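Visitor: Listed below, chain by chain, are the residues.
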Amino acid sequence: MADSSSGRVAERKRHSELVGFFIRLVKEKPLGTVGGVITLLLLLTGIFADFLAPYGYNELHTSDFLAAPSARFWLGTDNLGRDMLSRVIFGARVSVIVGLAAATIATVLSVFMGMLCGYIGGKFDLIVQRFVDAWMCIPWLIMLMIIMGVVGPGMLSLIIAMGVVNGLGGSRFPRSIVISIKENVYVRAARAVGCSRTRILTHHILPNMMPIIIITFSMSVPGMILGEATLSFLGFGIPPPTPSWGGMLSGSGRSNMFRAPWMAIWPGLALATVVYGINMFGDAARDILDPRLRGGVGRYGVRAKKGKKGGDANQSSTTQ
Amino acid sequence: MLTYIIRRLLLMIPTLFIVSIIVFFLIRLIPGSIVEAQIVALRQMNIPIEDIEAVRAALVKQYGMDVSIPVQYGRWIGVVPQADGSLSGIFQGDLGTSLITKKPVVEEIAVRWPVTLELGLMAIIVAQTIAFPIGIYSALRQDTWGDYIARSFAIFCIAVPGFWLATLVIVFPSIWWGYMPPIMLIPFTEDPIGNLQMFIVPAIILGMVMSGGTMRIIRTMMLEVLRQDYIRTAWGKGLRERVVVLRHSLKNTLIPVVTMLGPQLLLLLGGAVIIEQIFCLPGIGRLSLDAIVNRDYPMVSGALLIMSSAMVLLNLMVDLTYGYLDPRVHYK
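So the protein sequences, as listed, match chains A and B. Quick note on the numbering used here: the first sequence kicks off at 1256 and runs consecutively. Quick note on the numbering used here: the second sequence kicks off at 942 and runs consecutively.
Since the hints were derived computationally from the structure, they do not count as laboratory data. These numbers come from a predicted model, not from an experiment. All clues given are correct.
Just so you have them, the derived chain A footprint on chain B, three or more residues with Cβ under 8 Å: (1) 950-956; (2) 968-978; (3) 1087-1095; (4) 1211-1220; (5) 1227-1237; (6) 1252-1265.
Where a beta carbon is used, it is the ideal one built from N, C-alpha and C, also for glycine.
Just chain A, same shape as in the assembly (with noise of 0.2 Å):
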C-alpha cells in the first residue's frame, strides 16, 4: 500500500512538472512553441501516414508521369508517376523513425560511457578517452559511409551505425557533466553511507542529470534526421523505393530538376520545416530546464526597464 501511494504521489508530481513545462513554453517562448507544434505535426505524420497519404507511396500513376501540382496530386508526381505528397508523409515516417530510434541508441551509449569514464577515472579513463578521441577526430561523414558499406544499406542499419558513431563521439559532454556532479556534497555522502558503485551512479548522479540528457537528446535528433537525409541523398543510407526524404533528393530527383522542380523541392522543403521546429523546440526546451538559466537576477536592463515583467522573474526568482 504504502509503495503504491507514495508512486502515485512521484507520478502526479511528475506530471504536474511536465504541464508546468507547456504552460511556460506557450506563455514564455512563442518559437519554441511554433517548433513544439510543428514537432507534434511530424510525430503524427509518421504515426499516421497510412492514413494521411491519399496514395500509396509506390503506388504508379502510368498515365502522370512528371505532373505537375493539380487537385489531384497536391504537390506532383515524380518520374514514376508516383504522387509527391504520399512521398513526403511517407518519408516523415522515415525521419521520425530513424530520428527518435539514432538519437535513443546515442543517448544511450553516450551516458553509459560517460557516466562510467567520469565516475571510474584514472587509467580506465585515460584509455578509453584515446579511442573516443580517435573516433573524433575522423570525419564524421566518411566513417558513416564506409561503416554503411560494411554493413550494407537499410534502415536498421544506418540507425545502429549512426547511433553508435555518435554515441562514441558524444560521451564527452556526459563524462564532464558527471566529473563535475561526483564532487557533489550528497555523491559523498551517499559513499560514506556505503552505497554501491552502481547505486550511487543510477540513483544519485543520473537523476541529476536527467535535464541536461534530455536537452541532448532532443538537440540530437534533427541532426540525425539531416545525416539519415545526407547519407540516403549520397546513396549510402535508405535503399529506394523507401521514401526517404533525402533519397527523394538524389538521383531521380536531381536529374529531373529542371522538367519538375517540384520533385526536388517539397522533400527539401520538409526536412528544412522539420529540423528548424525540432531545434527550436530544443532551444526553448533547454532555456527552461537548464537551471544555469532560470531566474531573472541580473536580467539585461532591457527588460529590468518595463518594469512590470522585470519585477515578475525577479518575484519568480525569490519564491523557488
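Here the structure of chain A is known, so what remains is to put chain B in place on it, guided by the hints.
Guide: Quick look at chain B alone, frame taken from chain A:
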C-alpha cells in the same frame, strides 16, 4: 606550458595509432575489392577461367594483397618490409600508391588539400561574420521580436540541408539566367578573382551550417555571462552598453566559442565532402568519396589519416588558444 604541450603531443601518439588501425581495417571490411571489379570486366569478355584466375593472382600480388591483412598493415605503417624488401610506410613518410591512378597517395593529397583548405577557411570566415553580430544581438534582446527573427535565421541556417541548397543554387540560376558554375578549378595564382568567385557560393552554403551552431553557443553563453555578478557591477558603475557588451561580456563568451571550434571544424570537413561533390571542387573530401566507391584502399586510409591528424593538431591549437583567452586556465 611547455610540459603541457609535450604531454599533449605524447597523447597524440596512441590516438593516431588507433586512428590508423580504424582507417586501415574498416575500409577493407567493405565487401568487394578493386581486384574483383577488374575481374568482372574480364569475365564479360569470355576469357577462359584459368586465364582469369592467373590475372587475379597477378593483380592480388601487384596490389600487395597476397599477404595477411596484419602484415599489410605492418607494411603500410612501415615496420614490415615490402615485397621488394625495403621499408616504406608511414614512418618513412610514404602512404603507399593509389590503386587507380598509380600515383603516390601523398602526391595526390598534396594537390587536393589546398582546395579543401580554401573552402574551409572561407566558410569559417562566413560563419563567424554571420554568427557574432546575430548571437550578441539576440542575447541582449532576449525574447523580443528581434531575437526571434535573428534566432529563426540562425536555426534556418542549420535546418536547410546543405546538399539541397547547393543543388537548388546550381539548378535555378541555370534555368533563369543560363548560368553554370565553372567545372574546372581556377587556380588562385592564375585568376584570383575568378577563383574567389568560384569558391564563394560553396563557402557561404558550408558556412551557413556552422554559423547556426556558433550563433547558438554565443547566445547561450552571452545569456549566462550577462547574469554574472561582475556584469551587474559593470551596469551599476554606469558603464555604457558598448563597453559592458564588448569588454566585459564578449571576452568571457569567447572561451566556449573557441572550445566549440574543434568539433565544428569536424562538421565542416564532413560538410565539405558533400559540397565538393556537388560543386565539382577537386578537394580532399571528394577524393576520399571517390576512393571509397572505387575501393582504393591506400587512398582512403591515407586521406583519412591525414584529415584526422590535421584535426588532432587543430584541437591542440584550440586548447592552447583557450588558455591564452582565459587566464584562469592553468596547464598541468
